[in-house]
Each structure stands twice: as structure tokens, then as C-alpha cells.
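J.: Whenever a hint applies, use it, and build me the whole structure from the sequences.
Protein chains in written order, with the working numbering: chain A, 1 to 451; chain E, 1 to 451.
Any given hint might turn out to be false.
For chains that are exact copies, the list does not tell them apart, and a pair is met inside one copy or across any two.
In silico lysine to any residue, SDA-like type, Cα no more than 20 Å apart, as pairs [said to hold, decoys possible]:
(1) K49 to R391
(2) K156 to H348
(3) K305 to S352
(4) K67 to I7
(5) K49 to R394
(6) K327 to E362
(7) K305 to S345
(8) K163 to K229
(9) K305 to D322
(10) K327 to P355
(11) K305 to T346
Hints listed in this document are in silico derivations from the structure and should not be mistaken for laboratory results.
There are 2 protein chains.
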Amino acid sequence: MYGKKIIEFLKSNGIEFGDIIKVEAEGISEEGELMPSTEANSEDIIILKMKNGYNVGIRFEGSKISKIRKGVPAHEFPHSEISQKKSLPKVTLIYTGGTIGSKLDYKTGGVYMLLKPEELLYEVPELANVAELKVDPLFSISSEDMSYIEWQGIAKRVHEAQKEGSRGVVVTIGTDTMHYASAALSFMLNGIDIPVVLTGAQRSSDRGSSDAFMNLFCSVVLAARSEIKGVGICMHKTSSDSECGFIRGTRARKMHTSRRDAFRPINEGYVATVSYEGEIKYLHNDVALQTQDKKAWVPLAGFEKNVALLKAYPNSDPGIIDYYLSKGYKGIIIEGTGLGHTPVSTEHEYYSWLPNIKKAVEKGVIVGMTSQCLCLLLLCLYGRVNPNVYRNLRLLSGAGVIYCEDMSPETAYVKLGWLLGNYDAGTAKKMLNSNVAGEINSRSNYRDFLV
Amino acid sequence: MYGKKIIEFLKSNGIEFGDIIKVEAEGISEEGELMPSTEANSEDIIILKMKNGYNVGIRFEGSKISKIRKGVPAHEFPHSEISQKKSLPKVTLIYTGGTIGSKLDYKTGGVYMLLKPEELLYEVPELANVAELKVDPLFSISSEDMSYIEWQGIAKRVHEAQKEGSRGVVVTIGTDTMHYASAALSFMLNGIDIPVVLTGAQRSSDRGSSDAFMNLFCSVVLAARSEIKGVGICMHKTSSDSECGFIRGTRARKMHTSRRDAFRPINEGYVATVSYEGEIKYLHNDVALQTQDKKAWVPLAGFEKNVALLKAYPNSDPGIIDYYLSKGYKGIIIEGTGLGHTPVSTEHEYYSWLPNIKKAVEKGVIVGMTSQCLCLLLLCLYGRVNPNVYRNLRLLSGAGVIYCEDMSPETAYVKLGWLLGNYDAGTAKKMLNSNVAGEINSRSNYRDFLV
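T.: Structure follows, in C-alpha cells:
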């Protein structure tokens with residue numbers, strides 16, 4: 001919070017939050033919007049939002065502050081003025097929150113959700129030439145607060161849009177858990193015959209370097225024009241604004257907290273790219289991402305929340321398995337080391353995970369093994385996580401652990417939750433390490449590493 | 001296990017395990033070493049180890065099998081014949097196990113540890129021109145079974161080697177948890193004034209494509225000749241045999257289960273490279289990886305094992321925190337989503353992590369936050385995981401969570417275990433998010449992403 005001195009200075013000089021001011025101090029001269037201060041111990045620090053989107057704090061004492069101009073109030077978005085061509089393909093834009101629709105709140109200095117999705121249309125008028133858009137504000141929720149209940153809600157809405165004749169669907173969503181959501185929707189909507197494109201932004205749309213608009217544009221292009229059938233993520237492919245990449249929903253991972261090209265396909269390449277000019281290039285031979293069965297298709301959106309994802313690491317306590325047993329959990333995905341290891345040595349008394357895993361399996365809990373390595377390839381003809389190569393892996397396999405092939409831990413977790421929400425345990429167990437929605441490749445390509 | 005038919009055929013044709021045989025079947029003709037079979041349900045499958053190191057299984061029924069030649073028994077390694085030059089720098093090679101010294105065991109078909117480190121010297125005679133080597137077989141343990149007790153043992157041995165006048169130390173170690181070990185040794189040996197080089201192999205030394213020898217050679221070069229002071233990992237920098245890269249011990253991550261260039265520096269670049277010709281290039285200005293204080297230096301090798309590393313993800317159960325509280329844990333590192341999130345919404349009753357985290361902090365447990373994104377950069381002048389940007393992050397920060405800057409979850413886990421093993425809780429809490437051994441950069445370079 002600003003101290004008395006600053007508040008009095010601002011008042012007497014007629015400066016308000018949002019006004020453009022210039023602050024000059026020793027070796028510093030910055031112009032920007034005056035921001036409110038939220039720091040507890042920074043009474044004499046002036047906070048500016050600079051043109052490049054960064055905030056900067058400058059000590060008030062000894063600085064010279066001048067008002068450049070009055071701040072402009074937020075746009076009244078004239079969304080009703082956008083005329084849409086009825087001849088274009090119908091695309092439904094389902095809006096669920098996230099940075100793609102977030103905005104700085106001057107009252108707190110934090111980032112809040114935009115509630116008007118029309119603002120996005122106002123920002124990207126080019127969309128009017130690509131599709132006849134229907135905007136569907138489903139909810140507004142932060143990435144970190146999205147649960148399987150929201151995934152089910154999105155699946156239902158996508159199904160409705162498909163039934164209403166949408167040629168494709170775009171879902172704007174928070175990026176932090178987007179790869180979990182894309183995996184969940186890949187399973188829930190497995191077999192859908194239209195493109196379902198998840199997109200978001202790494203930088204909010206009020207920032208000069210925002211990726212929101214290009215991601216949205218490319219996603220709508222894919223929904224309106226591509227031959228893709230199924231669920232995936234469309235985000236920046238590079239850190240420049242050259243093109244977006246489309247990643248199969250069960251293969252994506254968020255690799256960076258802030259880079260625009262943070263999303264990468266794991267254990268396979270991009271399915272397609274889209275340029276800012278709207279040109280689509282297919283990089284996979286098969287753009288039907290999942291099994292198609294038009295007649296019978298309905299979403300399968302059950303989800304069992306009593307499934308855990310946990311990490312095994314040096315010194316880790318296997319008692320965590322017992323905790324989940326006591327809570328009635330039905331499935332556990334372990335993120336093991338290397339090819340899928342947990343400690344198994346009996347040398348240190350607290351150490352071996354084997355007895356706990358055995359107990360869980362005996363009680364009917366499905367225990368799946370993945371790797372905390374980013375990419376998973378075993379140089380063996382028989383598969384990726386092959387328990388026959390290392391003795392300790394064989395011990396785990398003997399205890400009933402199911403090796404999840406080249407699935408990422410996140411996808412394996414979502415898949416097990418989905419399987420147990422829709423099938424009996426026996427069927428779920430069989431399906432865990434066989435392909436449903438592109439999450440397991442019969443042979444991963446060695447070159448698909450950090451593409 | 002092989003069935004009766006195969007066993008009888010082998011006997012009557014004088015073929016033994018290890019012999020080179022040819023198997024011809026429909027469309028297949030393979031030569032290789034006859035391997036024992038370990039599969040339960042494959043009585044009629046012949047297992048061959050091919051020249052390229054792969055195993056292949058071919059159905060016995062309907063195939064034509066002929067013996068090419070008798071298998072050659074394993075080398076008797078003439079390690080006593082290696083003459084060492086006393087004028088070369090002294091390097092201690094501490095051998096702790098892992099693939100770098102692993103070998104296929106024909107009795108089980110699995111990979112076992114070599115117990116004679118001299119075999120490595122026999123394989124890399126070039127080492128005799130680089131250093132006067134002392135080989136120290138400390139123990140032989142799988143990567144996944146290595147605990148803080150072994151880390152402490154290695155730290156002690158390195159210190160002894162330094163006191164005995166070694167110019168540098170090489171530690172051969174399993175790769176799966178090598179980045180945990182390198183972080184632990186970076187803290188335990190913080191301030192050491194010689195190079196301590198951890199190395200291993202992604203492919204065992206009996207494989208044609210093994211990286212064991214080049215990694216070992218380059219590591220010994222660094223130990224014998226480099227100006228580096230401190231702990232790091234030396235492994236292949238690319239998938240070819242062109243050069244090795246040296247990564248600061250607190251910055252490494254194993255990114256791939258089998259590629260030779262699986263280890264990558266996270267949130268910074270390589271410290272140095274070494275070519276197969278022994279040329280060292282320094283890529284950092286400062287090769288003293290940690291604070292140097294020669295006079296007072298002793299290892300600080302305490303470790304608190306009651307520290308947990310856990311993942312927060314959609315639908316995740318915050319009760320896991322209570323489990324660790326009930327077990328008397330003193331520290332918890334959370335691998336959150338995005339910039340360091342857990343679910344905080346109160347919309348779903350089981351969902352918010354805030355009350356559990358608050359309770360843990362009130363009980364004196366140190367709760368640190370990291371990101372499950374690979375790389376961590378927040379576009380903000382004030383730091384990487386900055387709780388002031390997002391409202392939900394601020395809630396977590398308010399609950400007492402310590403944001404661990406640009407540390408990886410693995411390094412943060414090891415650091416907190418090390419801090420609580422050597423300092424009181426108050427000091428540990430203060431030190432968690434300030435730099436000790438290069439694990440936190442004042443400013444991460446945006447370009448250091450997937451280098």
C-alpha cells in the first residue's frame with residue numbers, strides 16, 4: 001500500500017490510478033500507468049505499468065513525478081457491431097476462463113478474469129472472415145481450480161455444439177492445467193468427428209506481447225477449415241508470431257511458465273501447423289486423432305476422482321500408498337524415476353515400495369507406472385517401459401504394477417480416472433496400457449524429443 | 001522360460017546360452033547370441049541378442065536354427081597391466097554403480113552391476129594419458145535405490161580424496177536419480193575447491209552404442225585439467241559422440257529415458273563442454289560453482305529424510321498434507337501447476353489446498369512451492385515465482401508457502417532435506433529461497449529453455 005506521502009502527493013497533483021505519468025530518479029526515467037500498490041512493506045515505492053507490460057517499482061523519495069496525460073477508461077466493447085457472414089462455417093467458441101481472457105485489476109494489482117468473451121472478438125476482427133462464431137461463456141475459472149467436473153461440463157457443451165451443427169469447436173481455457181484438460185476431453189470425446197481445439201494465452205490480452213489473439217485466430221481457423229477430427233491444443237509453436245502448432249490432446253505438456261511456445265508434444269510430433277495467414281499444414285498422415293464411429297458416438301464423460309498421481313524419488317516414503325488405500329482410492333499412477341522405478345532395496349528399513357504396492361494391488365487398486373523423465377523411450381523392440389530389462393523393474397512388474405508405455409504421467413492419471421469412471425476395474429486395468437485416444441504409440445519416434 | 005521342445009533341440013544340437021546362432025523363419029533371418037528366456041508365457045519363443053544390442057524374440061515352431069560359432073567367455077580384464085604415469089594429475093574415481101558399470105546377465109536376461117571398476121580402465125586406455133587414476137569402489141547400487149545415506153557416503157569419500165591430494169574427483173553413478181544426487185552433493189560439498197564430476201551411462205558398456213566410455217573420458221579430463229570448482233554432471237551433450245556437456249549439480253534434469261543426451265541444464269546453460277579430443281570450453285564466466293572458503297571448508301552432509309515432494313494437479317487431494325503432518329514431516333515441497341499453483345477454489349468441497357497448507361505452516365512445517373513446468377520464468381522484474389501477480393498465488397503466499405524461485409522440484413526437495421539436516425527450522429526457512437550453490441539465479445535467461 002502507498003504511504004501517506006505518496007497519497008498526498010497524488011491527490012494534490014490530481015493524479016489517479018491509470019493515469020500516464022513520468023517518474024525520474026537517479027539514473028531512471030520511466031513512463032507508464034500509475035498502478036495501485038499491493039506490497040505490504042513498500043509504502044514509498046511508486047508502481048508503474050510500462051508499455052511493454054512489465055511493472056516497475058521506483059522509490060518515491062527523491063524522484064520527480066509528472067503527469068503526462070489522463071488515463072483512458074477501459075473500452076466499452078462494441079461487440080454488437082461485428083457483422084458475421086452466414087455463409088462461413090459455424091464455429092462455437094466455448095469460453096471457460098484463463099489468461100486468454102484475463103486482465104489486470106487496478107484495484108488489487110492482480111490479474112482477474114474477463115467476463116465478456118465478446119471482447120476477444122473485438123480484438124480479433126479477422127475472425128469475422130473465417131467463421132460464423134457462436135460465443136458460449138460456459139464459466140470463468142482459473143486453470144488451477146479446474147476439476148473433472150468442469151471437464152465434464154465442457155464435454156457436454158462440445159457435444160451440444162456438435163449436435164447443433166458446429167463444424168468445429170474452440171475452447172478457451174487456462175494454460176496451467178490445459179494438458180490435463182486436453183487429455184480428459186480426448187478420452188471423454190473420443191470418436192468425435194469435428195475438430196475440438198483448446199487454446200489459451202501465456203500472456204494476458206492487455207499485454208503488448210500477448211499471444212492471445214494469434215492463438216485464438218489459428219484455433220478458429222483449425223475449427224472452421226481443418227480436416228482434424230478430435231481434441232488437441234493449438235498454441236504458439238515458436239516464441240515468435242510465425243505459426244501455431246496443433247498438439248494431440250493426449251500428448252501435450254506445458255514446459256515453461258511464461259514462454260509463448262510453452263506447450264510441446266511429448267513422444268510424438270505436432271499434428272499440424274497454422275500460419276497467421278490461415279494456412280494449415282498437416283504433419284501427421286492421420287488427422288483423425290481418435291477412433292471414429294459416427295453412428296454410435298456419444299461422449300463418455302464419467303470420471304473417478306479417487307485416483308492419485310504421486311512421485312517416487314530418493315528417500316520417498318512408500319506409506320503414501322497406504323494413505324490412499326485408507327481413503328478408498330481405486331487407482332494410483334506413480335511417476336517413477338528413469339524407466340519407471342521406485343526404491344525397492346530392503347537395505348534401508350523405510351525404503352522399499354514393493355510391499356506397499358503389492359498390498360494395493362491385492363486390494364484391487366490399479367497401480368500404473370510412468371516416468372518423471374520428460375520423454376520415454378526404451379531401446380528395446382518390445383515397448384517403452386519394459387519391465388524385462390532391469391531386475392528392479394521386473395520386481396515391480398511382478399508386484400502387479402502396470403507399465404503405462406509412453407504416456408506422460410499427467411495423461412496416465414487422467415486416463416485412469418476416466419477408465420474407472422466408465423468401466424469396471426477389470427476392463428480399466430486391461431485398457432490402461434492399450435491405446436484409446438492416441439496416448440500410446442506402437443513405436444515412439446526417437447527423434448520426437450524436445451521438438 | 002523355454003519349453004521342453006526348445007530345450008531338447010538346443011541340447012541335441014550342442015547349443016548353449018551365449019553361442020552365436022542364426023534363426024530363419026518366415027520373412028525373418030537373424031543372427032545373434034542365444035539368450036535365456038525369462039518370459040512366463042513364451043515357451044516357444046527363441047530370444048536372441050543382436051549385434052546392435054537389441055533383443056529379439058522369434059517363434060521356435062517353424063523356424064530353422066543353426067549354430068554359427070561357440071560363444072566367447074567374458075574377458076578376464078588384465079587391469080594390472082595398465083601402467084600409470086606418476087607425473088599426471090591425481091584423479092580419484094569413486095565407483096557407486098549404475099548403468100555405466102552394468103552388464104547383461106545371461107542367467108536372468110536382466111542387467112546387473114559390474115563389480116570390477118578396473119574393467120572400465122581396460123575399456124578406456126586413453127585415460128592413462130590424462131590422469132593418475134585411483135579407483136575407489138565405494139559401493140554398487142542401482143540408481144533407484146540410492147538414498148541420502150549413499151549421498152552422505154559419497155560426500156565423505158570425496159572429502160577424503162580431496163584431503164589426499166586429488167586434483168579432481170569423478171563419481172560414476174546411476175543416471176535415473178543422478179540429478180537428485182548431484183543436487184545433494186552440490187549442497188553437501190558446497191565450497192569445495194576441486195572439480196567433482198558425476199557421470200554415468202544411458203546405455204550399458206557392453207552395447208555398441210554405449211556412451212559409458214566417452215562420458216568417463218570427458219569426466220576424467222574435467223577432473224584432471226579443468227578450472228571448475230564444485231559439483232556437476234558430465235554426460236553427452238548431443239546424441240552423437242561429438243562432445244560432453246558439464247551441468248551445474250543443482251541445475252540438471254534427466255529428460256529422456258534412453259537418449260545419450262538425456263541430461264539437460266534447467267534455467268541456465270551448460271557450464272563447459274569437453275570434446276573427445278580433451279578440449280575444454282568454458283561457457284560460464286564463473287566456473288567456481290559455489291562459494292569458496294578454503295580455510296574453513298568441510299562438508300556439511302546432514303540430511304533430514306522427513307521431507308516430502310508431492311504433486312498438485314486437478315482433483316488432487318489436499319489431505320496428503322495431513323498425512324505428512326501425522327508422520328512428523330518437517331518439510332514439504334509442492335510441485336504445483338504453472339507458476340506454482342494448487343487448487344484453491346472452495347467450489348468443490350474436497351478441493352482447496354489452502355486450509356491444509358495453513359495448518360502445516362502453523363505447525364512449523366516448511367512448505368515450498370515449485371512448478372511442474374519444466375522451466376520457470378515469470379515475465380516480471382521481481383522474480384520467477386512471484387506471488388504478487390495472480391490472486392490465487394497470493395492466497396498461497398499468504399498461507400505461508402515459500403516460493404522457490406527458479407529451482408526445479410527435485411533440487412528444491414534435496415535442498416530442503418539438506419537445510420533441515422544442518423540448520424534449525426528458522427534458518428532453513430530463510431535459506432530455502434536464497435541461493436546457496438547456484439540453484440537460484442538472480443535473473444534466469446529467457447533463452448535457457450530446452451538448450
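J.: Of the numbered hints stated previously, which ones are contradicted by the structure, given in increasing order?
T.: none
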